[in-house]
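Going down the list, the protein sequences come from chains A and B. Quick note: the first sequence uses this note's numbering, first residue 248, plus one each step. Quick note: the second sequence uses this note's numbering, first residue 248, plus one each step.
It is worth saying that the hints were derived from the structure and are not from the lab. Note that the structure is predicted; figures quoted are calculated from it, not measured. Heads up, a few of these hints could be off.
Stated by the list, open to error - When the alpha-carbon atoms are kept at most 20 Å apart in a straight line, the in silico EDC-like pairs for lysine to aspartate or glutamate are as follows: (1) K601/B <-> D360/B; (2) K589/A <-> E450/A; (3) K589/B <-> E523/A; (4) K601/A <-> D360/B.
Unchecked claim - Across the chosen pairs, the derived CB separations fall in these ranges: (5) A437/A <-> A293/B: 28 to 34 Å; (6) A461/A <-> D537/B: 24 to 30 Å; (7) A556/A <-> R429/B: 45 to 51 Å.
Said to hold, decoys possible - Chain B side only, calculated, beta carbon under 10 Å to chain A, not exhaustive: (8) E282; (9) G339; (10) E450; (11) Q451; (12) A452; (13) T499; (14) H521; (15) R534; (16) A588; (17) G590; (18) R606.
Where a beta carbon is used, it is the ideal one built from N, C-alpha and C, also for glycine.
2 protein chains.
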Amino acid sequence: MNAAQPKPDRPAPGDLFLSEIREQPDALLRLLEHELEFQTVSRALAERAPTAVRLVGHGTSDAAATFGTYAFGLLPGWTALRDTISLTVYYGATFDLSSSVVIALSQSGRTPDVVDYVQRTRRRGALTVALTNEPDSELAAAAEATIPLSAGPERSVAASKTYLNQLAALALLAGGAAGRGREFADALRAVAELLSVALGPLEQAVSAPALAFAYVGRMYVIGRGLEFATAREVALKLTETCRVAAEPLTATDLAHGPVAALDSLFPVWTIASHDESLPAVIEGVARVRDAGATIVSSGTAAGEIEGAAYVLPVPDPPYPILSPLLSVVPGQLFAAALARAKGLDPDHPERLTKVTLAR
Amino acid sequence: MNAAQPKPDRPAPGDLFLSEIREQPDALLRLLEHELEFQTVSRALAERAPTAVRLVGHGTSDAAATFGTYAFGLLPGWTALRDTISLTVYYGATFDLSSSVVIALSQSGRTPDVVDYVQRTRRRGALTVALTNEPDSELAAAAEATIPLSAGPERSVAASKTYLNQLAALALLAGGAAGRGREFADALRAVAELLSVALGPLEQAVSAPALAFAYVGRMYVIGRGLEFATAREVALKLTETCRVAAEPLTATDLAHGPVAALDSLFPVWTIASHDESLPAVIEGVARVRDAGATIVSSGTAAGEIEGAAYVLPVPDPPYPILSPLLSVVPGQLFAAALARAKGLDPDHPERLTKVTLAR
């Protein structure tokens, strides 16, 4: 290479993560181009009339699975669970799977125990569906049906747009199974629009708490109901990109022990959205306030949290069930800003790789 | 009171918690006096032939519920889940419950959303069972069948013997549903015996790590499979009694993000027991070792964890599925010792009460 030439562009630490967070409205619209595939799979799910929808995934995919338990519970009214992979993969439990649907989530499609789980449950009669960003992966080959997440290449190790598209895909599948697929596709288009307007101001708003929290070592992230998925994903972002020991808790579980550990140097990130679980969150935050902990509030109802030092509201989506697609974004942006404030690289956290082959 | 008289005995901080940990073999034997009641309820469960066993509880009771998903999965081969209470209680989801069993866990029998959940699911056709230490409680009144935990009064806010009896009760119910109730009652008697021998030496063994960890602010507690219940309960004990931000993780989830946060001042407590999930735990611990974190190993296979700074093995029970009843004890005793080393009172942690009325 000629030394007189400019160096090829090399992203600065955190550029990938931040650009992928910003890209989420476009990624969401790409997913919606597959509306017909969602219709086909939703129809197959409804024909199975499952007694159990078994969701499996690790890390970010497992946070998305939490959302799935609500989406299937509230839309078609099906029992959905984050299944315990080890029962099937390690202990050889022999459940009756004839009326089960399996939905396996993996960005890379290569998570070993998830692939193994799908192979075993498919052999034993479950209807298996893969949601992956890599439609040529092992996971896609193992499952009976595959829906591409269509998020585009995700190069940052810390996931963002694949999470948002996992939530959207689960909402479309659950909505479709309830005969409301079209309605939810339209609602998700509206979410993409809301998100593209909200991103810029939120990116500005997170810089103040990111500076204030540069020396924080531990946090809780609390949500309830639908927003517990968001709490799990935000806690994971803070842990992997900022090396904060951030634990997700329901607002109720906080009162059953962990509230004892709080003090003024142990901040709490709250996800508060407009739905039936909001009073429980408000009650939980009152306990946090009594402990003197610094409070950040985010979500569609962020403004209803009293005593928050930082308030990061997001707009209300057409249906409250879609709030988690918006309320995760302040947490993603905050993680990006805090990592930068701490001199860490969220694109390449220590000891992590984009494809995790841990069993 | 005459000033010349000795003061009435008042327990020193932590005395209640420690005496209740020590009392666990006796508490377990008391539960086994109810073998006939377990038989009756197990028979009713088997008649229902449930497509879903829905376990609900908060805090320690929720950790026990994790064990329940394995006990029902491995013994009668039923799908069991820690149900999301908010779907039923806040969002009014209308699942078909005609082939569901509900098992509600609450030491006090007064946890409001658990009581509410049982009332609603019973009205809608589920077979509801309460496992509580207070057979005259609201929860017992709400459920169709109640099994007393028979742990005796638990006066320490931090639970110990009620947890052990919850595990035993779930093992008896699941064993009974598989036609193996008698066998498991005998095995639990053997566990009580093993425990009474192990308690003294373990109490000695935890004092070294308790002194070394007096300034630790955050920890991970890892387990996999059956022992994930233990990881959850040990993490909760450390959080509520020692004000350590201790998060439970499966050995696999550790690799999907949290391993990035580790360093030499962020210790990891490992539960390793002799069963099919052990290789995954050993692989997970190798990642912890690479990060330079201090490792404590406990469980029946504690000795197989390389590079552990502290090794706290427990004896093997007659069936590996009962390992969690033994492997939780080093964690309980460590929490008691660490609380004392930090000058905290595990009998009365700040901001906690024995009966939690949070919704």
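- Message: I'd like to know which numbered hints this structure contradicts. Please list them from smallest to largest.
- Response: Those not satisfied are hints 3, 4, 5, 7, 8, 10, 11, 12, 14, 16 and 17.
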